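Asks: Protein sequence lines, in the order shown, are assigned to chains A and B.
FYI, the numbering for the first sequence is 1289 to 1385, going by our numbering.
FYI, the numbering for the second sequence is 5 to 355, going by our numbering.
Each statement offered as a hint is correct.
Here are the simulated SDA-like pairs of lysine to any residue, each with C-alpha atoms no more than 25 Å apart in a straight line: (1) LYS142(B) with TRP166(B); (2) LYS1378(A) with TYR87(B); (3) LYS339(B) with GLY291(B); (4) LYS1378(A) with VAL341(B); (5) LYS18(B) with ILE1354(A); (6) LYS81(B) with LEU1365(A); (7) LYS354(B) with LEU1377(A); (8) LYS339(B) with VAL140(B).
It is worth saying that the hints were derived from the structure and are not from the lab.
These numbers were taken from a predicted model, which means no experiment stands behind them.
Given next are the chains, with one letter for each unit.
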Amino acid sequence: MKRLLGWMALMVATLWVTGTALAAGGGGAAPIVIVADTRRLSGIMAWWANLYNESHVYFTILTIVIIPVVGVIFGVLADVVMSHIGIDLKSRELAEH
Amino acid sequence: MDWLYVLMPIAGVKIFWPGLIILGVGVGVIGGFFGMGGAWMVTPGLNILGFPMAFAIGTDIAHMAGKSLISTMRHGKFGNVDYKLGCIMIVGTVAGFEVGAQMIMWLEKLGAVDRVVRWLYLVLLALIAWMVFADVAKRLRKEREAKMAGKELDKLATGLEWHKTFHKIKIPPMVHLKTAGIYCSAWLPIGVSFFTGWLAGILGIGGGLIRMPALIYLVGCPTHVAVGTDLFEVMISGLYGAGTYTYKGRTELVAAIIMLVGASVGAQIGSVATKYIKGYGIRIAFGLAVVGCFVSVLLKLIPVYYPAVNQICDVSATVLILGLVTALSIYITVKMVQGAQREVAAKKAKV
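All chains should be built: construct the whole structure from the sequences, respecting the hints.
Replies: Structure (structure tokens):
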């Protein structure tokens, strides 16, 4: 038991020291900026591409909000469809075999 | 046939949208069933459909967050998600991931990143596959021995029981994880998640492929709870990853949403299938998926040493991954439909 604890402590310490040292030494490379070509787009697609070109911050915030919202909407819709099959969707038997 | 293609506003490429839906269904089924994001399947798939690699990774992570949310909702209703364990593990995962990512920057400076990452990935996949099949073999041996002794093996009995040794560590604070049925030191899930997060950061993957077996073999979760809790983790880390990739301008939301249409159906099928396939069925299928992933990474590594076979290996790896996704999706869907039919028939017989 003591040996195992010793090994674990050593592993955590090694990871911590290596990680901190690397984090301190790492430098960032110059970012590449990709610009969206809006000439072939219209309507909501053009608005979306323009938002991307104008502000990455707003674009990111909106993306992060839209993904879970769309996930919940599709999840609930799929839930409604599944509930019509007639199977119990609220419990299961826990067994490994 | 122009209507079958959508112009992606950011990447500026025309993409065959039914392909995105099919990919979404496949990865939704597998992700919901195994409790992982499935980046190793989606990224090459998106690349084949025409996305540049940087956009393929970002779009995959964005869709992964939404898909995992759908699967988590379903697994949560089944009681498969240990939210307390998930929240504790987020701390270690994020810290570990950042350390791993910094380590990659350092390896990049040395110019050895590709080879190191691929070899590490190979070793890790071999280790996971060995762990799964050693566990299955041991479990079968226990079952045979119990049968010979005229007894019946406990429903929750497992082959490898390393977690029991880890549970003996009593460093405070101790936590009781009700859904998983575990009482252990909080440092165990934190340590395990740091380690798996670190590996995920180095390998540049979501981490579900490593975290799911780690939750089973190191933390001691029942298979179903490991799947559900891992999906909860994937959802959080997916949102974080989507944020960072989107800020760098590498996410195509339109493609992610189209994929989510298919993934919402696939995720439900995969999650519900865990109701009909017992823990060891999930473990064996997972082991096979890991073996497939191992072979595909190996095929990508061979051309580094033998450039002449580059094209053959590339095509073989793609065929293998897509074939594996298709075969596993069909197996899981068939099992889910058969189970549902049995349940509905049993309900009708009762009435």
